Amino acid sequence: MNKLTMSLFTFLLICLTGLAALAAGRQMMSVQVKKGVVRLAPSFLSRIVTELAYGDRVYVREEKGSWTGVGVSGSAVEGWMHSSALTPKKIVLKAGSENVEVAASGEELALAGKGFNQQVESEFRAKNSNLDFTWIDKMEKFVVSQKQMKQFLKEGDLSPEGGS
Amino acid sequence: MTILNRPQLWSFAGKSAVIGLGVMFLFVVFFPGCATTDAIIGIGVSSDLITEAQGESISKSTKAVARSFADFTPEQEYYVGRSVGAVILNKYRPYNSAKANDYINILGQILSKASDMPETFGGYHFLIQDSDEVNALAAPGGLIFITRGMLRCCQHEDAVAAVLAHEIGHVQAKHGLQAIKKSRITFALTTIGIEAAKTFGGEELAELTETFESSISDITATLVNNGYSRNFERDADKAAVTILKRVGYDPKGLVDMLRVMRKKLKPEGLDFAKTHPSPASRIADIQKIIGETTSVIRPKTRQARFIAALGNI
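Sequence order for the protein chains is A and B.
If you're matching positions, the first sequence starts at 1 in the numbering used here and goes up one per residue.
If you're matching positions, the second sequence starts at 1 in the numbering used here and goes up one per residue.
Calculated directly from the structure, the hints in this document are not laboratory data.
Quick caveat, the model's predicted, so the values are computed rather than measured.
Among the hints, erroneous ones may be present.
[Said to hold, decoys possible] A few chain A residues facing chain B, derived, Cβ under 10 Å: (1) S66; (2) L86; (3) M149.
For each residue, glycine too, the CB sits at the ideal point set by N, CA and C.
Only chain A is shown next, with the shape it has when bound in the complex:
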């Protein structure tokens, strides 16, 4: 198989995956954040079922306010994700040329790591050596656990609407 056939064939398979989802009447969404957290119930204080990666696909089971009930394709995992973590676009992590054509119209596909990306940041940093990113990296490592949040709310006598 030559390269052209290969890339077209891959694209065909992608289309067929979409077809399978449509046949089941399921709308597909992609995780558009670094860490997509799936929870047991539609609340940030609910137990975490699993964590998905950027670009992972889920199908929509139901919607409830700003939460989406999702299922993970090819597994039995189901749960809730906040809708701001999801996009209807398919995120292509490694672009082939055929995807570019589709992405150019901007409606169906989003290309990961393009435009303002890691590479551009590195160039920017090389040009602006006075800027220190050490604390930016440190900030990103500040993690607040669910347990800490629950305790903070309880101790502070705070009762969030709908359990936050």
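For this one, chain A is given, so just place chain B on it according to the hints.
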């Protein structure tokens, strides 16, 4: 699979022309919303390298779609935010107290979860800065900075929550990204269209980096020097009131903080005095939403932990 079963599909392998037609067919059927003529024609003839003509056609179809700050993906917003944050940290150094920063992060995280945009690409993170100036700044994507001077305007947790919620309000409304000049946004997003198939080459990278650099300075100039429009500030205050109520804080915390700030701000100051509407006018606007205000009631344990974390700030 109602149209093709697997053996049929495999028998097509190698017959690129037929597959090409199949792809075009499926494309039209399943992606009708984006089936521009350009894109359909392009797919039938695509190869691993984009020809100049194709590049032009992509460029055209990209430009045909209206581009705005809203078209940045969360990932791009994240990279903009990181660099804006680095510039903000160049203005004021971090205040290296784990206890105070932990407190701000737990509080901030809870508030962000109650916002309209709780999930961003890299998440919300908060940092205190070692300055007497009264300032709080938010970078796109959720990196939020607050000076010791600002924290000294807060006499209780509900007031600190109000400051953080105001900044979260700027993030959720993408006010930072809106400070980027439109021509740069168009360039950045058009370049994505043309260059997505390969890693940027030297020239594109240099141009894109220049656009990035200018975008960062558009945002930081607005944050640090010019300030947002009065409308954006009003929106952020309104968002803060909503977020505070959702978590269970008293939105009067915002008014309490502004009353202290009114006394502390120096008119010639290079901080909030320069970039924000006066505390008095903000109080008047907030009272239109929440009514006349009395001081916030301070539950004992809430006040105790506030003092423990920020008492000596």
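List of violated hint numbers, smallest to largest: As far as the earlier hints go, not one is violated by this structure.
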